[in-house]
Amino acid sequence: MPIDLSVNGRTRRVDDDAETPLLWVLRDTLGLRGTRYGCGIAQCGACTVHVDGQPVRSCTLPVGVVESAAITTIEGVAGPEVEAVRAAWTARDVPQCGFCQSGQVMSAVALLRTIPIPSDADIDLAMSGNLCRCATYNRIRAAIHDAARAGSTPA
Amino acid sequence: MSTRRRRRPRIGCLSLIAIVGAALLLALAVLLRPRSLPQPTALAVGAPAAAPRTALRSPASFMAIADPRARSIALFREAGRVIQHPRCLNCHPRTDRPTQTDAMRPHMPWVSRGAGEAVLPCATCHHDRNVEAAGVPGNPGWQLAPSEMAWQGQSLGDICRQLIDPARSHMTRAELLDHMATDDLVGWAWHPGGERTPAPGTQAQFGALIDAWLSTGAQCPA
Ligand code: FES
Ligand code: FES
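Listed in order, the protein sequences are those of chains L and A.
If you count the first sequence from 1, position 54 lands on 54 in the UniProt record's numbering, and the numbers rise without skipping.
If you count the second sequence from 1, position 150 lands on 150 in the UniProt record's numbering, and the numbers rise without skipping.
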């Protein structure tokens, strides 16, 4: 059964089994490889995408469930928070190997959209599901604070 | 005489060194002798360990207890096998953080009631059903019990008194029965998916025990 998905603002028809995790549809069927496979069991956050604006682990989400939802991946995420995060990430040289970073960015953007000026505790709570085997956690936290400050300063 | 006396000990000393040397060589030879590696052996087949009782007793089977108060407590103790099962306790934690698995270890990733819910809600990973591909359990009502309904670390008697205290359970007795007997999220405990151990019996049998306990005066163990 073909499934119509809305991905990054475009409708994409896929013919995958409705139980296939969204992650595999994004990566293998649609070729959107910015979303990463880390664990496949909701433990690492590398596969984080936004579904109707909410950060979701795409490895746990059967594609049939999101037929009528707006899916946003790292390739399509946009807006002032995204620009602020991009600038802060670059200025702080956050990534090490980079593997986890698309998931980190998707979670960070969602956090800033929920809490524009997050505290350390907010950041730790929001980002605790995004593991980084290079342990860039301190730079991630600092960069989120930078992005929050940039977002709150009128241009 | 004196020369002979001097020579004797020298001979004794040499032979002593030779004996010790031989003993050392012998010990080395014994220690370094070629030996075969330990081989796998079949485990002795004994009686299998008693499997945990997975059925629930029916309310009728308690009728032999003549004293209604004792019967009510016995009914609750049987229902307690469900209430204190990890499938139920994991979401009735004593802190703001759920536990998971039969070992009831802290939930990974770190999720937390309150402030944590806004930024890392259950729905980040849990959906309206168990997703077997990822091994993640789910239900449309996936959530923690309120903190006043913390069960972990409480005795069965304390849990019982908490259940019948509307200030903490936020339920009338009719609502409590409905919750236990028909609530779909409670029912997940019998269909947990993956390799999770289901709660004993069925939700209908559990509901029948709670019903019988309530109608015998909802007595609590000490
Ligand atoms: S790949 Fe989805 S959480 Fe790790
Ligand atoms: S940068 Fe290497 S895993 Fe995070």
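Fair warning: there could be bad hints in the mix.
Claimed, not checked - Some chain A residues near chain L, calculated using beta-carbon distances under 10 Å: (1) 60; (2) 62; (3) 88; (4) 115; (5) 116; (6) 121; (7) 211.
These are calculated hints, taken from the structure and not from any lab test.
Just so you know, even glycine gets a beta-carbon here, dropped at the ideal spot from N, CA and C.
Here's how the hints hold up against the structure:
Given the 10 Å rule on beta carbons, the hint for residue 60 of chain A is violated: about 42 Å separates it from the nearest Cβ of chain L. Checking residue 62 of chain A against chain L: minimum C-beta separation of about 42 Å lies over 10 Å; hint violated. The restraint placing residue 88 of chain A at the interface with chain L is violated, with a minimum CB-CB distance near 22 Å, outside the 10 Å limit. For residue 115 of chain A, the interface hint holds, since its Cβ comes within 10 Å of a Cβ in chain L; the closest pair sits about 6 Å apart.
Because the smallest distance between the Cβ of residue 116 of chain A and any Cβ of chain L comes to about 4 Å, under 10 Å, the interface hint for this residue holds. Because the smallest distance between the Cβ of residue 121 of chain A and any Cβ of chain L comes to about 8 Å, under 10 Å, the interface hint for this residue holds. Interface restraint check for residue 211 of chain A: the shortest CB-CB distance to chain L comes to about 36 Å, outside 10 Å, so the restraint is violated.
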